[in-house]
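Peer 1: The opening position of the sequence shown corresponds to residue 965 in the working numbering, with each subsequent residue numbered one higher.
The reader is advised that the hints may include incorrect statements.
[Claimed, not checked] Simulated pairs of lysine-lysine, DSS-like, Cα-Cα distance not exceeding 30 Å:
| id | residue 1 | residue 2 |
| --- | --- | --- |
| 1 | 1335 | 1270 |
| 2 | 1156 | 1389 |
| 3 | 1395 | 1334 |
| 4 | 1398 | 1328 |
| 5 | 1395 | 1343 |
| 6 | 1409 | 1335 |
| 7 | 1328 | 1343 |
| 8 | 1270 | 1120 |
| 9 | 1415 | 1343 |
| 10 | 1389 | 1415 |
| 11 | 1383 | 1312 |
| 12 | 1389 | 1017 |
| 13 | 1017 | 1383 |
| 14 | 1328 | 1383 |
| 15 | 1196 | 1120 |
| 16 | 1409 | 1389 |
| 17 | 1113 | 1125 |
| 18 | 1156 | 1398 |
| 19 | 1334 | 1006 |
| 20 | 1113 | 970 |
| 21 | 1389 | 1364 |
| 22 | 1195 | 970 |
| 23 | 1383 | 1364 |
| 24 | 1270 | 1112 |
| 25 | 1270 | 1017 |
| 26 | 1415 | 1017 |
| 27 | 1006 | 1156 |
| 28 | 1364 | 1415 |
| 29 | 1293 | 1312 |
Quick caveat, the hints were computed from the structure, so don't treat them as lab data. On a predicted model such as this, the values are computed, not experimentally measured, just so you know.
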Amino acid sequence: MMGIKKWTKHLVYNQVPIYPLIIYRIVFGLMMFFSTCRFVIKGWIHDLYLTPKYFFTYLWFDWVNPISEDFIYIAFIILIICSLLITFGLLYRASAIIFFLLFTYIELIDKTNYLNHYYFISLISFIIIFLPANKLFSLDIKFNFVKKKTTISAWKINIIKFQIGIVYFFAGIAKINYHWLFEAQPLTNWLKHQSDFPLIGNLLTYDITAFLFSWFGALFDLSIFFILISKKWRVFGYFLVVIFHVMTSIMFPIGVFPLVMIASTLIFFSDQLHISILKFLSKKNESLELTIIQNSELEENNQILKVLFIAFFVLQLLLPLRYLLYPGKLFWTEQGYRFSWRVMLIEKAGYAQFFIHEPKMDRKMLIDNKKYLTAQQEKMMATQPDMILQFAHFISSEFKDSTIIETNGEIICMGEKPKVTAQVKVSLFNKGSKDFVNSNIDLSKEERGLKNKEWILPYED
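Let's have the full structure, built from the sequences with the hints guiding it.
Peer 2: Put into structure tokens, the structure is as follows:
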């Protein structure tokens, strides 16, 4: 048995061929190029960042906003350029930094646009800033911006593998819940709408199919990382990855996430495969050899970088578990739900009405959500407590010290901070609508933050 110290040295400091990292740089750059172009072509820039009048910013990131229409379009143009520069390894470090900052900035503008694969892309784009992915097969070498290198410390490849492992494993942990395993929800509801699926459409309407899919999905996520790191089972594991993600992409509208994961898991394959890919892409086949340079210069032990990545991954291991700090049903309250790799686990629909109260006569006026929110924003907000609270604060500020003339000519004067209440009905797994928040609570006085939201009504099944 390999001792822990020796095992750590093998995974972290052992010198290994750089080829998997080079292929990952190319694959990641191409994925980002095509997905960003797709975003532009589909008109989502206008729909998601220019049409809304109000944005649901993240806690502590209220200062992030679209700035202007021109700025948003320029940001996407720069993202496309940077993705190509990353692909070809030109001005790689600067391009990776700019890509990470711009991509993360765009994703922080409005949390109604949150998707797990956007979060994953932000994390990966941060990691690759610190990796020497331009030290071979790059324009940076061609123009002598960096020196060629064929070996690197193992951690510079294993860190990406570990990040992928976190995604899959926590997605599997998240599936260990009553609804997923013993009710096959939400797949039972979703698969019944797939009866026109080629060849197997009729089978998808049976409850047993939903249970099989649910259990397979949980086992797949929990085990696939360990299968991929096994030389013996790696090819079989990748076959499962392709089948699993192709099926989900065909059956459900989950964007580029399947493609991202299919491409990303290539990094688990042997150096020889990556050399073969590079030879296919290169005219100078003789320059690519599977050799470890014995006298390769050992890299400096960067303590700052070590501390940075330890903190980075400790945070990632803790974030998915933070829901344990909150009482109540996670799928109902969604406190600690985001940033925890809970993929396709919930079917939730809701309807929220907000009322602003006139302080003296205790009269209330119904707010028209559509004046401020797009249909997508309103849909997402109506089931997520932090957004409900955020919108209530916005309404209170919007009507601060305002004078409203009713249709009958009556004048209503609002106070310095008008009271805002909400009546919200939410359905979980299509089991009927239930009251979601305490309609007597003045939400304008409730603080945004990480503490438990006591105004969320308990879920009763």
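Peer 1: Indicate, hint by hint, whether the structure satisfies it.
Peer 2: Against the structure, the hints come out as follows:
| no. | hint | in the structure |
| --- | --- | --- |
| 1 | 1335 - 1270 | violated, 49 Å |
| 2 | 1156 - 1389 | holds, 25 Å |
| 3 | 1395 - 1334 | holds, 27 Å |
| 4 | 1398 - 1328 | holds, 23 Å |
| 5 | 1395 - 1343 | holds, 18 Å |
| 6 | 1409 - 1335 | holds, 23 Å |
| 7 | 1328 - 1343 | holds, 23 Å |
| 8 | 1270 - 1120 | holds, 12 Å |
| 9 | 1415 - 1343 | holds, 24 Å |
| 10 | 1389 - 1415 | holds, 23 Å |
| 11 | 1383 - 1312 | holds, 28 Å |
| 12 | 1389 - 1017 | holds, 24 Å |
| 13 | 1017 - 1383 | holds, 22 Å |
| 14 | 1328 - 1383 | holds, 9 Å |
| 15 | 1196 - 1120 | holds, 23 Å |
| 16 | 1409 - 1389 | holds, 21 Å |
| 17 | 1113 - 1125 | holds, 21 Å |
| 18 | 1156 - 1398 | holds, 24 Å |
| 19 | 1334 - 1006 | holds, 23 Å |
| 20 | 1113 - 970 | holds, 25 Å |
| 21 | 1389 - 1364 | holds, 27 Å |
| 22 | 1195 - 970 | holds, 20 Å |
| 23 | 1383 - 1364 | holds, 10 Å |
| 24 | 1270 - 1112 | holds, 24 Å |
| 25 | 1270 - 1017 | violated, 43 Å |
| 26 | 1415 - 1017 | holds, 28 Å |
| 27 | 1006 - 1156 | holds, 28 Å |
| 28 | 1364 - 1415 | holds, 26 Å |
| 29 | 1293 - 1312 | holds, 13 Å |
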